[in-house]
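Q: Chains as they are written, first to last, in the working numbering: chain A, 1 to 269; chain B, 1 to 89.
No lab work stands behind these hints, which were simulated from the structure alone.
The reader is advised that the hints may include incorrect statements.
As the list claims (entries may be wrong) - Between beta-carbon pairs, the in silico distance windows are:
(1) A:A251 x B:R89: 46 to 52 Å
(2) B:T8 x A:W248: 48 to 54 Å
(3) A:A150 x B:R14: 27 to 33 Å
(4) A:I43 x B:G77: 51 to 57 Å
(5) B:T8 x A:R11: 53 to 59 Å
(6) A:I43 x B:A73: 45 to 51 Å
What the hints assert, rightly or not - Among the chain A residues that face chain B by a calculated CB cut under 10 Å, a handful are:
(7) T154
(8) D155
(9) Q157
(10) L160
(11) M162
(12) G165
(13) A182
(14) A185
(15) L205
What the hints assert, rightly or not - Below 25 Å or equal to it, Euclidean Cα-Cα: the simulated SDA-like pairs (lysine to any residue) are:
(16) A:K239 x B:Q21
(17) A:K224 x A:R4
(18) A:K239 x B:D46
(19) A:K239 x B:A23
(20) A:K239 x B:A49
(21) A:K239 x B:R22
(22) A:K74 x A:H145
(23) A:K239 x B:G44
(24) A:K224 x A:L13
Ideal Cβ positions, reconstructed from N, Cα and C, are used throughout, including at glycine.
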Amino acid sequence: MTRRTVRRLGRRLLQVIGGLARSFPTAGLFLVDAVALLSFPAIRPRSRHELPEAFANLSRAEVRAALRREWAYKLRNLMMYHAVQRFGAEPFADLTGGQSLDHVPAPAIMATFHSGPTAAFARVLQQTRDPVLVFRRTLRYRLSHHPLVATGDTDDQRALAMHQGARHLQRGGRVFMMFDPATAARIEAPFFGRPLELARGPFVLSRLSRATIVPVITRWRGYKIEVVTGQPIHVADEKVMAVAVARWLEAYYLENPSEIGDRTLDLQK
Amino acid sequence: MAPEMTDTQQTRARVWDIVRQRASSAGAIPAGADSMALGAEGLGLDSIAIAEVLLDLEEVFDVEVRGLMSGEALTFGRLTELVIDARTR
Chain A
1 MTRRTVRRLG
11 RRLLQVIGGL
21 ARSFPTAGLF
31 LVDAVALLSF
41 PAIRPRSRHE
51 LPEAFANLSR
61 AEVRAALRRE
71 WAYKLRNLMM
81 YHAVQRFGAE
91 PFADLTGGQS
101 LDHVPAPAIM
111 ATFHSGPTAA
121 FARVLQQTRD
131 PVLVFRRTLR
141 YRLSHHPLVA
151 TGDTDDQRAL
161 AMHQGARHLQ
171 RGGRVFMMFD
181 PATAARIEAP
191 FFGRPLELAR
201 GPFVLSRLSR
211 ATIVPVITRW
221 RGYKIEVVTG
231 QPIHVADEKV
241 MAVAVARWLE
251 AYYLENPSEI
261 GDRTLDLQK
Chain B
1 MAPEMTDTQQ
11 TRARVWDIVR
21 QRASSAGAIP
31 AGADSMALGA
41 EGLGLDSIAI
51 AEVLLDLEEV
61 FDVEVRGLMS
71 GEALTFGRLT
81 ELVIDARTR
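For reference, chain A alone in the conformation it holds in the complex:
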């Protein structure tokens, strides 16, 4: 069987489990964990040499445990992603303590990374009372009471989105966007000793509107999802803010090595 066929079958399996998880979330997550456990010996996990040097103090067993958890989380996140793509369903896992983003004072740029169950931000935003302008590439499904702005593929489309975002912030609103979208003007910041390419968008918006940047991430806690909110980063030079965000992410991964995602490492030069 070719690698491509295995990937296709794997995707199909995650979709089927995702369908089940819409009605029985815990059963779905339990099944994904079982798939992760059985498939882990067959995958080639990232070797400890591919991890940033900062993790060198972890023992071989700790690295293996972290990589095993990372694989399980990756499959859970993929299942959630495929379920949302296929069924348009809201992410099904519950949040610990019914968290929202209402505690973040406006004006603010709430931005996240492709790390952890990013799709769960739909649930987080649904629980957030005050309207948030959501950059649409971030979340692809319906949000009942939050305005959406399409980021698009061209410079013109992205400019219009930025313009709308800046106006919304200048009026005292809050926006939600990604630090690491697939396409964007980039700014570099050191991350585990190498440059990390972040999108310039959040930093430009902060400069234009004087709004603070608040990094947010979702992560698994058992079968539930937790929102982690970073300290607000106040307006400064774009580069200074980017360095502060990368430093925050670095500290977060040092505390939670199994959360480190391929996407973030891919953005390292």
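Assemble chain B onto chain A, guided by the hints.
A: Relative to the frame of chain A, chain B by itself:
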């Protein structure tokens, strides 16, 4: 004596000045500027510079630039039209 500029011509010249500040390569308004894209295929502005141009225009003319459609080509001519529309609203 040079003929006086009309309101529209003055607006057009000020819009061009604002665009020119963000696009270092642009000089005086060239022939055919109206159909010139602000982005990579025309004046070479990136998405952030275009957004800054829109905000600069709003500040300088004290207007709200509305009516830009997602997917619509953003040219110098269209930008000028939008500012003139906003000023007469």
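Q: If a hint holds in the structure, say so; if it doesn't, say that too.
A: Hints, one by one, checked against the model:
1. A:A251 x B:R89: 46 to 52 Å: The hint (46 to 52 Å, Cβ to Cβ) holds, given that A251 of chain A and R89 of chain B are roughly 49 Å apart.
2. B:T8 x A:W248: 48 to 54 Å: holds (50 Å)
3. A:A150 x B:R14: 27 to 33 Å: holds (30 Å)
4. A:I43 x B:G77: 51 to 57 Å: Distance hint for I43 of chain A, G77 of chain B holds at roughly 55 Å.
5. B:T8 x A:R11: 53 to 59 Å: holds (57 Å)
6. A:I43 x B:A73: 45 to 51 Å: Because 46 Å falls inside the window, the suggested range holds.
7. T154: holds (7 Å)
8. D155: Holds: closest Cβ of chain B sits about 4 Å from D155 of chain A, inside 10 Å.
9. Q157: holds (6 Å)
10. L160: Holds, about 6 Å.
11. M162: holds (4 Å)
12. G165: holds (8 Å)
13. A182: violated (14 Å)
14. A185: With a closest approach of 5 Å, the A185 of chain A hint holds.
15. L205: holds (9 Å)
16. A:K239 x B:Q21: holds (22 Å)
17. A:K224 x A:R4: With Cα atoms ~31 Å apart, K224 of chain A and R4 of chain A exceed 25 Å; violated.
18. A:K239 x B:D46: holds (18 Å)
19. A:K239 x B:A23: Satisfied, since the Cα-Cα distance of roughly 22 Å is no more than 25 Å.
20. A:K239 x B:A49: Holds: K239 of chain A and A49 of chain B sit about 17 Å apart, inside 25 Å.
21. A:K239 x B:R22: Holds, because 20 Å separates the two Cα atoms, which is no more than 25 Å.
22. A:K74 x A:H145: violated (30 Å)
23. A:K239 x B:G44: holds (23 Å)
24. A:K224 x A:L13: holds (21 Å)
Hint compliance for this structure: hints 13, 17 and 22 are broken, all remaining hints hold.
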